[in-house]
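**Student:** Given these sequences and hints, build the entire structure.
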Amino acid sequence: MANVPADLKYTKSHEWVRVDGNLATIGITDHAQSELGDIVFVDLPAVGAEISQGNSFGTVESVKTAADVYAPISGKVVAANAGLGSASELMNSDPYGDGYMVTIEMSDASQLDGLLDAAAYSALL
Amino acid sequence: MPGGRTKRVPEPKLIFEKSRPGRIGCNVPRCDTPEVDLSKALGKTRAELDLPEVDELTLLRHFTNLSQINYGIETGFYPLGSCTMKYNPKVNEATARFQGFANLHPMQPEATIPGAFEILHGVQSMLCEITGFDHITLQPLAGAHGEMTCLMLIKAYFEARGESQRSVVLVPDSAHGTNPASAARCGYDVKSIPTDADGNTDLVALEKALAGEDGQKVAALMLTNPSTLGLFEPNIEKICNMVHAVGGQVFCDGANMNAMVGTTRPGDHGFDCMHLNLHKTFSTPHGGGGPGCGAIGLKDHLAPYQPVPVIRKEGENLVADYDRPLSIGRVAAFYGQFLMEVRAYTYLRAFGREHMADISRFSVLNANYVRARLKDVLPPAHNRPCMHECILTAEKYKKEHDVRALDISKRLIDYGFHPPTNYFPLIVPECLMIEPTETETKETLDEFCDAMISICHEAVENPDLLHDAPSTSVVGRLDETLAVKQLDVRWKRPQPVGV
Numbered sequence: 213m214a215n216v217p218a219d220l221k222y223t224k225s226h227e228w229v230r231v232d233g234n235l236a237t238i239g240i241t242d243h244a245q246s247e248l249g250d251i252v253f254v255d256l257p258a259v260g261a262e263i264s265q266g267n268s269f270g271t272v273e274s275v276k277t278a279a280d281v282y283a284p285i286s287g288k289v290v291a292a293n294a295g296l297g298s299a300s301e302l303m304n305s306d307p308y309g310d311g312y313m314v315t316i317e318m319s320d321a322s323q324l325d326g327l328l329d330a331a332a333y334s335a336l337l
Numbered sequence: 010m011p012g013g014r015t016k017r018v019p020e021p022k023l024i025f026e027k028s029r030p031g032r033i034g035c036n037v038p039r040c041d042t043p044e045v046d047l048s049k050a051l052g053k054t055r056a057e058l059d060l061p062e063v064d065e066l067t068l069l070r071h072f073t074n075l076s077q078i079n080y081g082i083e084t085g086f087y088p089l090g091s092c093t094m095k096y097n098p099k100v101n102e103a104t105a106r107f108q109g110f111a112n113l114h115p116m117q118p119e120a121t122i123p124g125a126f127e128i129l130h131g132v133q134s135m136l137c138e139i140t141g142f143d144h145i146t147l148q149p150l151a152g153a154h155g156e157m158t159c160l161m162l163i164k165a166y167f168e169a170r171g172e173s174q175r176s177v178v179l180v181p182d183s184a185h186g187t188n189p190a191s192a193a194r195c196g197y198d199v200k201s202i203p204t205d206a207d208g209n210t211d212l213v214a215l216e217k218a219l220a221g222e223d224g225q226k227v228a229a230l231m232l233t234n235p236s237t238l239g240l241f242e243p244n245i246e247k248i249c250n251m252v253h254a255v256g257g258q259v260f261c262d263g264a265n266m267n268a269m270v271g272t273t274r275p276g277d278h279g280f281d282c283m284h285l286n287l288h289k290t291f292s293t294p295h296g297g298g299g300p301g302c303g304a305i306g307l308k309d310h311l312a313p314y315q316p317v318p319v320i321r322k323e324g325e326n327l328v329a330d331y332d333r334p335l336s337i338g339r340v341a342a343f344y345g346q347f348l349m350e351v352r353a354y355t356y357l358r359a360f361g362r363e364h365m366a367d368i369s370r371f372s373v374l375n376a377n378y379v380r381a382r383l384k385d386v387l388p389p390a391h392n393r394p395c396m397h398e399c400i401l402t403a404e405k406y407k408k409e410h411d412v413r414a415l416d417i418s419k420r421l422i423d424y425g426f427h428p429p430t431n432y433f434p435l436i437v438p439e440c441l442m443i444e445p446t447e448t449e450t451k452e453t454l455d456e457f458c459d460a461m462i463s464i465c466h467e468a469v470e471n472p473d474l475l476h477d478a479p480s481t482s483v484v485g486r487l488d489e490t491l492a493v494k495q496l497d498v499r500w501k502r503p504q505p506v507g508v
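Line by line, the protein sequences give chains A and B. Just so you know, we're using this note's numbering here: the first sequence kicks off at 213 and counts up by one. Just so you know, we're using this note's numbering here: the second sequence kicks off at 10 and counts up by one.
I should point out that these hints are in silico values taken from the structure, not numbers from a laboratory. Warning: the hint list may mix true and false statements.
[Said to hold, decoys possible] Partial chain B-side listing against chain A, Cβ under 10 Å, derived:
| id | residue |
| --- | --- |
| 1 | Phe433 |
| 2 | Pro438 |
| 3 | Glu489 |
| 4 | Lys494 |
| 5 | Asp497 |
[Stated by the list, open to error] Pairs of lysine to aspartate or glutamate, DMTMM-like flavour, derived with a Cα cap of 20 Å:
| id | chain 1 | residue 1 | chain 2 | residue 2 |
| --- | --- | --- | --- | --- |
| 6 | B | Lys226 | B | Asp198 |
| 7 | B | Lys407 | A | Asp219 |
| 8 | B | Lys408 | A | Asp325 |
| 9 | A | Lys224 | B | Asp211 |
| 10 | B | Lys200 | A | Asp280 |
| 11 | B | Lys322 | B | Asp488 |
| 12 | A | Lys276 | B | Glu172 |
| 13 | B | Lys200 | B | Glu172 |
| 14 | B | Lys405 | A | Glu247 |
| 15 | A | Lys224 | A | Asp325 |
Note that the structure is predicted; figures quoted are calculated from it, not measured. Where is the CB? At the ideal position from N, CA and C, for every residue including glycine.
**Tutor:** Shown next, in the form of C-alpha cells:
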C-alpha cells in the first residue's frame, strides 16, 4: 500500500504539501511515483518564479510517460530541488523527503483549507 | 511450454568482434584505373577507419543469424495495440517493384508519368469514398505529420477568416500523445478534456470548455474515433455540432480507422478533416521508422489551403496543380512516399468495394473474441463491446501479487508472442491494449489467449516467473531506466589490457 504521511496535505492530482510557517514544500506522492514508474527526468521552475494553484509548474518524465505536476497552492518559488537534476530517482525512493520538488512562499495560506487530509487522500487510492 | 522458443539463444557477437585484420569478404575486380592511396583520399588510414574485416561466409552467417532472432508479423502474432500490425500482402510488394514505378525519377517531366498520376488520383478517389471527405492529400510522411498538416490548414482557414484569436486546441485525455504535440507545434495552447466513466468524451466538461468567451478561443477539437479505449464515441455527431456551434473545427485522428473501413465514414460524422495512416490501415508496411504515409482528408472549405501540388483531373488528363495562392505550400518533397501509394492502391483494389467492410468487421470480431476469452482473468476496462482493440486491466494482479502489466508482457515473450501495448491509454491502470487485427486466424487467437490465461495463473501461483521474465530471449529484462538515462548505442573497441 502507498505511504500517506498523516502530517501532509494532498491534492486529487497526487501532489503533497508540507507547511512550515509561510513556506510550503511540494512534491508528488508515493502513489504517484509508483504509478509513474522509474522517473528519469524532472523539469522544475526557476527560483523566483510564481506558480499558481491548479496550473502546471513542472514536468516529470518516467519510463512510462511524461506528466505535468500541478501547483496545489499559489506562491513564489524560494527553492527548487537541484539534486533531482542528476538523481531523479530520489522522487521514487524518497518522495516525501529528498525527492521533494520545490519550496514556495505562499501567497494565500487559506488555499490550504481546500486541500485533502491524509484520510481523505487515502480514500481516493 | 506452449509455442515459442524454449531456451535462451546465445547473445550474438558484433561484426566488429568477429573482425580479423586482412580478411576480405568480396572479390573485387582487377583495378583498371590508377590506384589511389586511401589515406590520401580520405585523410585516414585503413586502421584509423576501423571497419570490420570478415570473410564472406562469416558475414553471411552473421546477418542470417541476426535475422533469425528478429521478431515481426511474418514470424508471429503481433498484437501491439494502437499500431494495427496487420499482415501486408506480398502482392503489394510485387507491384511496388514494377519497373515502371520503381524506376521513376521525381524530376521526370509530368507528361511522361501519367501512370503514376493515375495511381495517386486513384488512391485519393478511393480514400475519399471510404472516409466521406471531399479531398485527400497524400503528401504527409507519417501520422503525426498528417495531424500537424490538418492543424496548419485549420490555422490558415481561421487566419483567412480574420479569426486569429482562436488559440486553443481541445484534446481528450485518452488521446495519442502526438495530438497535443502537433497542436503545440502549430503554436496552439492545449486544453485537456476528460473522459467520463463509460469511456466517452465528458460532454459536461466539453460544454464548459466551449462556453462563452472560451468558446471563441477554440480553434479545434482533436478527437480519436474509435477512441484509444477501443470504444466508438456514441455522441460523435453531437460533439461535432457542439464545436461547430461556437465556430470551431473538428479533426479526427484516424489511427483507429481499421475499425471503420467500409462500415462507417468520419466525413459523415461531422468531422472537418482527418488523417489516415496508410502504413497501418491500408497495409503499406510500417515499423522501424517508415517510410509511412499520413494522408489527410478534407471538407471543401479547407481545400483552398491544402498542400501543393494537388493532383486533380483537368478534362481527360491528370495534372499536378501548383497554382493555388492560398496553399500552405509543400509539406513533403515531390508527391510524398510514392511507392507507398502503389502499395495502398494495390491493397484497395484487391479488396474492392464489395469486400472493403471485411477489414473492419473481422478486426472488430477478432478483438471482441480476445476480450471475451480473457475477461475472467483480465477484466476489460469498460463493460461494453469494443471496436478493433480491447483494453484490459491487470490491476488485481498488482494489488494482490505485486505483478504488473509489464511483467505479464515480459512473460509473454517466453511464450513466443510479441507483447501488447502497455500502460496506454494512461487513464486505465495497469493497462494492456490488445489489437489482433483482421488478418489473424481463430487458431492463432486461441494460442495467444491460452498463453495469456496460463500467465495469469502463473502470476498467482509463482509471481517470480513473471518478475524474472523473459528467460528465453537473447537478452533478459532490460534496465529501461538506465537505458534512458545513459543512452549508449555505439560499440567501442575494448582497450588492450596494460595500456
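**Student:** Below or equal to 20 Å on CA atoms is what counts here, so check lysine 226/B against aspartate 198/B.
**Tutor:** The hint holds at about 10 Å.
**Student:** How about lysine 494/B: closest beta carbon in chain A under 10 Å, or not?
**Tutor:** holds (5 Å)
**Student:** Against the 20 Å threshold, does the CA-CA distance of lysine 407/B and aspartate 219/A hold or violate the hint?
**Tutor:** violated (28 Å)
**Student:** Can aspartate 497/B be said to touch chain A, with a Cβ gap under 10 Å?
**Tutor:** Constraint on aspartate 497/B not satisfied, violated at 15 Å.
**Student:** When you check the alpha-carbon spacing of lysine 200/B and aspartate 280/A, does it fall within 20 Å?
**Tutor:** Holds: lysine 200/B and aspartate 280/A sit about 13 Å apart, inside 20 Å.
**Student:** Take a quick look at whether lysine 405/B and glutamate 247/A sit within 20 Å of each other, Cα to Cα.
**Tutor:** holds (14 Å)
**Student:** Measure nothing beyond the straight line between the CA atoms of lysine 322/B and aspartate 488/B; if it is 20 Å or shorter, mark the hint as holding.
**Tutor:** Violated: lysine 322/B and aspartate 488/B sit about 55 Å apart, past 20 Å.
**Student:** Sort out whether aspartate 325/A lies within 20 Å of lysine 224/A, counting only the CA atoms.
**Tutor:** holds (14 Å)
**Student:** Holds or violated: glutamate 489/B as interface residue toward chain A, Cβ cutoff 10 Å?
**Tutor:** holds (5 Å)
**Student:** Check the hint pairing lysine 408/B with aspartate 325/A against an upper bound of 20 Å on the C-alpha distance.
**Tutor:** At roughly 32 Å apart (the allowed maximum being 20 Å), aspartate 325/A and lysine 408/B break the hint.
**Student:** Can we keep the proline 438/B interface hint, with Cβ of chain A closer than 10 Å?
**Tutor:** holds (7 Å)
**Student:** Can the restraint linking lysine 224/A and aspartate 211/B be considered satisfied, given a maximum Cα separation of 20 Å?
**Tutor:** Given that 20 Å is the threshold and the Cα spacing comes to 18 Å, the pair holds.
Hint compliance for this structure: hints 5, 7, 8, 11 and 12 are broken, all remaining hints hold.
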